[in-house]
Amino acid sequence: MEKHLRIELIIERMAHKRACRVLEAGGMTGYTVVPAMAGYGNSKRWSRDTDLSASGDMVVIISIGDEAKVRPVLDQIGDLLGAHIGVVTVTEVEVLRPGRF
Amino acid sequence: MEKHLRIELIIERMAHKRACRVLEAGGMTGYTVVPAMAGYGNSKRWSRDTDLSASGDMVVIISIGDEAKVRPVLDQIGDLLGAHIGVVTVTEVEVLRPGRF
Amino acid sequence: MEKHLRIELIIERMAHKRACRVLEAGGMTGYTVVPAMAGYGNSKRWSRDTDLSASGDMVVIISIGDEAKVRPVLDQIGDLLGAHIGVVTVTEVEVLRPGRF
Amino acid sequence: MDVALSTLLSPIILFFALGMAAALLRSQMSVPEAIAKGMAIYLMMAIGLKGGVEMSKNPLTTEVLLVLLAGIVLSFLIPLIAFIFLRLTTKLDQVNAAATAAHYGSISIVTFVAATEAVRLSGFDSGGHLVAVAALMETPAIITALFLASRGGGGREKPVAGSEQGELVREVFLNASIVVLVGALVIGWIAGEEGTETVRPFFVDLFQGVLCLFLLDMGLSAGRGLRQGWRQLSVMTVGFGLYMPLVSACIAAAFAYALGMPVGDAALLITLTASASYIAVPAAMRLALPEAKPSIYLTLSLGVTFPFNVTIGIPIYIYLALLINGQG
Amino acid sequence: MDVALSTLLSPIILFFALGMAAALLRSQMSVPEAIAKGMAIYLMMAIGLKGGVEMSKNPLTTEVLLVLLAGIVLSFLIPLIAFIFLRLTTKLDQVNAAATAAHYGSISIVTFVAATEAVRLSGFDSGGHLVAVAALMETPAIITALFLASRGGGGREKPVAGSEQGELVREVFLNASIVVLVGALVIGWIAGEEGTETVRPFFVDLFQGVLCLFLLDMGLSAGRGLRQGWRQLSVMTVGFGLYMPLVSACIAAAFAYALGMPVGDAALLITLTASASYIAVPAAMRLALPEAKPSIYLTLSLGVTFPFNVTIGIPIYIYLALLINGQG
Amino acid sequence: MDVALSTLLSPIILFFALGMAAALLRSQMSVPEAIAKGMAIYLMMAIGLKGGVEMSKNPLTTEVLLVLLAGIVLSFLIPLIAFIFLRLTTKLDQVNAAATAAHYGSISIVTFVAATEAVRLSGFDSGGHLVAVAALMETPAIITALFLASRGGGGREKPVAGSEQGELVREVFLNASIVVLVGALVIGWIAGEEGTETVRPFFVDLFQGVLCLFLLDMGLSAGRGLRQGWRQLSVMTVGFGLYMPLVSACIAAAFAYALGMPVGDAALLITLTASASYIAVPAAMRLALPEAKPSIYLTLSLGVTFPFNVTIGIPIYIYLALLINGQG
Ligand SMILES: Nc1ncnc2c1ncn2[C@@H]1O[C@H](COP(=O)(O)O)[C@@H](O)[C@H]1O
Ligand SMILES: Nc1ncnc2c1ncn2[C@@H]1O[C@H](COP(=O)(O)O)[C@@H](O)[C@H]1O
Ligand SMILES: Nc1ncnc2c1ncn2[C@@H]1O[C@H](COP(=O)(O)O)[C@@H](O)[C@H]1O
Ligand code: NA
Ligand code: NA
Ligand code: NA
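Protein chains in written order, with the numbering used here: chain L, 1 to 101; chain B, 102 to 202; chain H, 203 to 303; chain D, 304 to 631; chain Z, 632 to 959; chain S, 960 to 1287.
In short, the hints are calculated from the structure, not lab data.
Honestly, I wouldn't trust all of these hints.
Each pair of labels, with its calculated beta carbon distance range [unchecked claim]:
#1 S:E1123 / L:P98: 27 to 37 Å
#2 H:A227 / S:L1201: 28 to 38 Å
#3 B:E103 / H:G280: 16 to 26 Å
#4 Z:L691 / S:L1080: 27 to 37 Å
#5 S:Y1202 / Z:E795: 29 to 39 Å
#6 H:A256 / Z:R751: 29 to 39 Å
#7 H:E269 / S:I1040: 25 to 35 Å
#8 H:E269 / L:R97: 24 to 34 Å
#9 B:R201 / D:I384: 31 to 41 Å
Since the model is a prediction, treat every value here as computed from it, not as a measurement.
All residues carry an ideal CB built from backbone N, CA and C; glycine is no exception.
Work the whole structure out from these sequences, hints included.
Here it is in structure tokens:
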């Protein structure tokens, strides 16, 4: 059976469409974007409530796919992250209905 | 030691109560529902902002339990997904306070 | 190569700053807080819409770090959870740009 | 025609156009979902209260009851006709045709408001009970559609896992718009003109302004829906979104004629029948017919029929109302 | 009694009933959390400003200061009495009894507003400084409750990991309702009638209408809370939610009598004392006493005591105020 | 000076101070993001409509067009000057200096509103076309800043993965504030005084009150930003946030003098030039210059320059406008 991987990408809300385009272009069959409300990194905190411009907001993008598709996409994401913040983890997962990925 | 599994189920917001009932009926001790703000699948995008009726919104349901409980619940979820969209992943996790699951 | 771990902590919104302080004090390089909208546990349901005071709201805190840092932090979190609700899972993950953790 | 023009250039329509233009030009601007939902509740409270206060001024007559009944019958009936048209002229399958038909049997409350305004500007009165008609017309269409979808195996034999007895009934009959519309109507009726005096500044004076902001958001939604969904709509489907309101309008006009309704009331009943839902019904369809595609029914209803109705449709419906009153 | 009836049939109470009914019938409708929170802030700004403007009209007298002091004493005192009743008549343990007692010592600003309106309808005046009393009564109750909970080892010896010096103090003394209420009061005081002229349309004219929408949401919350939580409430606990306000009212009436307060002011002080918190205190309890169960204290305060107060309670409290002024 | 004082004690400024104080005292209170965003859209719609209605009363003259042009030139020019000052007097690198400079070239609409009010209180008129100037001044500064950042390799050679042709242009020229401001201006222009009559209660009467709530939130944001970000700001950087508005003001005064602008219009053009963006530009910078640090440019613009402008700045700018009209 194929191995499935779950990409989790934490990135600036303002830049998330770029990441989405990378995922789509890379052939991932889907992704889901979840808004975050606060965070910390690099000894700075952010929170939705501290910033009227919402320019500091982050989102979490979840995308599941089979390994063959995920690997090349990860390289592309690495390229995107040259310019943007971005925390990327990849987890091995079991899926229901593997046909859909 | 028992193996614990984390179910992550991405499903339509309108239908999420059905999934919640399946989890409860299956004896899971808890779950948490997180709202998503956008997504892509099947070459369609959705976003909270595109749809006044919010009928396209998705949520992410996270539920952690021990393997003995999770396995039978997954079958029930598979049944639910005959009718609804739904991306289900299962991950092996370590838990703190295993007694509570 | 170092092993990286992803902590996922589900905790009351009111108490999440305590958890955040534990993570910061423990030397984690970052975390991201995601708001939940509903949940179930201990045979009680909660939902943002049932509670004007929002005192029942939960959040999901995600924090990624290398194993050497994560282990001691987990003990501290266990201490915090003596007083608060809290579901904690730890998953082994692969990361991009391991240098940043 | 003056009315038609002043409708077209009213801030409300202009803000809808602004939203649509911004979306088509791919601006990223958006109105927060919570604000849009809050405004929808406000608008329905305001409409309900107003209707209730109006109704409190006159006793309930048989004529009024007959109009309520007519609304229910029309809401049951229109989806049948819409379904036949869809199956004959488009390639939509049974489930998608049924789901789309449900939208056209139900109503759009913003279209109703725009028509109320246009009727007033044309110098006619309308009764508060038309708000009750609007509330009653929301749901029967959904029942017809479920019946159409299930004929010949379109439905499921056994219930979906996790679905609950009565869940759909509650969703359909106790959705936000019905609860708020009917509830506010009854409250307005009980409290009357005097009792609602203190809430007038909020519910009456602000109404038009809030509507502007709401329509800006509707324009954004409609524009984005069109931009992303138009490829899924065939020419015939788009055509349906334009002629179906007229078909509905003619049928409603016949009812209004039979009941001898005055111009204002007739124009509103016709508009309700011609309008299509884009909030309550799409949500119900996600539970009831999850296999149907929102990109079809939503784009059609919000992106095609709504703009048609508020610009070209309403003047036609007022004209129809004049016609059946022998003043055309 | 006329006042009682016209209160019962005011749109505000009717919308609360509508929300409650919708929730009990298990409608899925909801008001977005952001809107509810926004309205809560608006209401407190409006109340604070109004009180401040009133206060700016008269100099601060010793009588006013004594009323402020009475409010603080009552807020410290009531939880003690509530705690004793709870421990004697219900099976709640120490922590849950203390947490619940805190709610009854603190206040409900919506109940206060409803009472202000009823007092006005009954033909009495009330002073702006009662808003200051309301603000001052929010927190002392929490301190008493923490003391009660910690007696005999109910509390923890060492602080929770991650908790911070002063964190609880800030949460308790600088929560949103206190910041906004006190802040707006001071601003109203500084700016005066004239300086707040331009913001009247927003903060004064809209007030009643926004309250309707807010109470619709409170009704939904209360109804859902009741439906999910009533099984956790014993008959004795529900009873407490009904008689405790009356007990508090009598104690407050004694204070008002001792201070020689006029009818309107006395009625409001009694109402504040009789009312129970359902926003600020539950939030503080989550930090201070996380072991206590929200399903008990919230259901009791919002689902039982609040509806009791705004329907039956307020007329009784006005009557009490008349009584101590020899007009009963 | 009376004007200065009455500005300082206006509820708007007092609510800003309240928010700031609450944040500095580390209160946890917050205004929901959706409400803040909704209010921002409302304010821009109201300002745009008002400007459009004003403009509809007079024909477009060459003078007006020249003022529009002056606004554009100033917005292109100011970032250059700001950049030079930043590079010479602070340790900010090229990218951070360019990003900060962009904020000072663009404008703050709330500062503009506060100035409009102060101008009115001082007994002067101002033209509706200044709203159009505000809209036009939003973006040129961003273009200058991108040019400054990219000089000498500050920019990237190849586009970021996933970035799309025209994405930045859309973000910059079609962001919410421009769409709503320009859109509402055009709608106000088309509909005129009469056509916008029905929306006056919402967009005109409520304006000052909504502004209070919005400024409470701005105060909270500014205070939190300051508390968390001040360590990243050197004395020289903070100094820049205080003298740069004055530098901009003098340059704008020269333009206003050259164009012979009347006092009210001149004061507003000067204020616009002296004000710094804290909503539109920070968002654009995240896309265009992700390497720049928001904790620098946001803290400076919202935490330092905005409070300076609305308290001390505006009276100075009005004085400057009097001066160039020979009335100083
Ligand atoms: N180790 C981490 N785990 C989870 N989220 C992180 C981590 N590091 C950074 N983040 C998120 O990314 C944002 C920016 O990080 P930074 O670039 O380090 O300031 C933070 O505010 C967090 O929301
Ligand atoms: N592979 C995936 N990974 C994450 N989310 C997905 C994936 N596929 C679908 N989704 C989510 O499910 C929704 C519906 O998917 P679909 O039924 O493929 O249109 C999408 O809009 C996403 O929010
Ligand atoms: N097994 C679980 N999986 C995911 N979330 C959980 C689980 N158990 C509890 N939760 C979350 O924690 C909250 C409180 O749980 P409890 O203390 O069991 O009532 C629930 O309402 C859920 O949001
Ligand atoms: Na219809
Ligand atoms: Na009390
Ligand atoms: Na500027």
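Right, here's what the structure says about each hint:
{"no.": "1", "hint": "S:E1123 / L:P98: 27 to 37 Å", "in the structure": "32 Å, holds"}
{"no.": "2", "hint": "H:A227 / S:L1201: 28 to 38 Å", "in the structure": "36 Å, holds"}
{"no.": "3", "hint": "B:E103 / H:G280: 16 to 26 Å", "in the structure": "18 Å, holds"}
{"no.": "4", "hint": "Z:L691 / S:L1080: 27 to 37 Å", "in the structure": "30 Å, holds"}
{"no.": "5", "hint": "S:Y1202 / Z:E795: 29 to 39 Å", "in the structure": "38 Å, holds"}
{"no.": "6", "hint": "H:A256 / Z:R751: 29 to 39 Å", "in the structure": "32 Å, holds"}
{"no.": "7", "hint": "H:E269 / S:I1040: 25 to 35 Å", "in the structure": "52 Å, violated"}
{"no.": "8", "hint": "H:E269 / L:R97: 24 to 34 Å", "in the structure": "33 Å, holds"}
{"no.": "9", "hint": "B:R201 / D:I384: 31 to 41 Å", "in the structure": "57 Å, violated"}
Of the numbered hints listed earlier, those contradicted by the structure are 7, 9.
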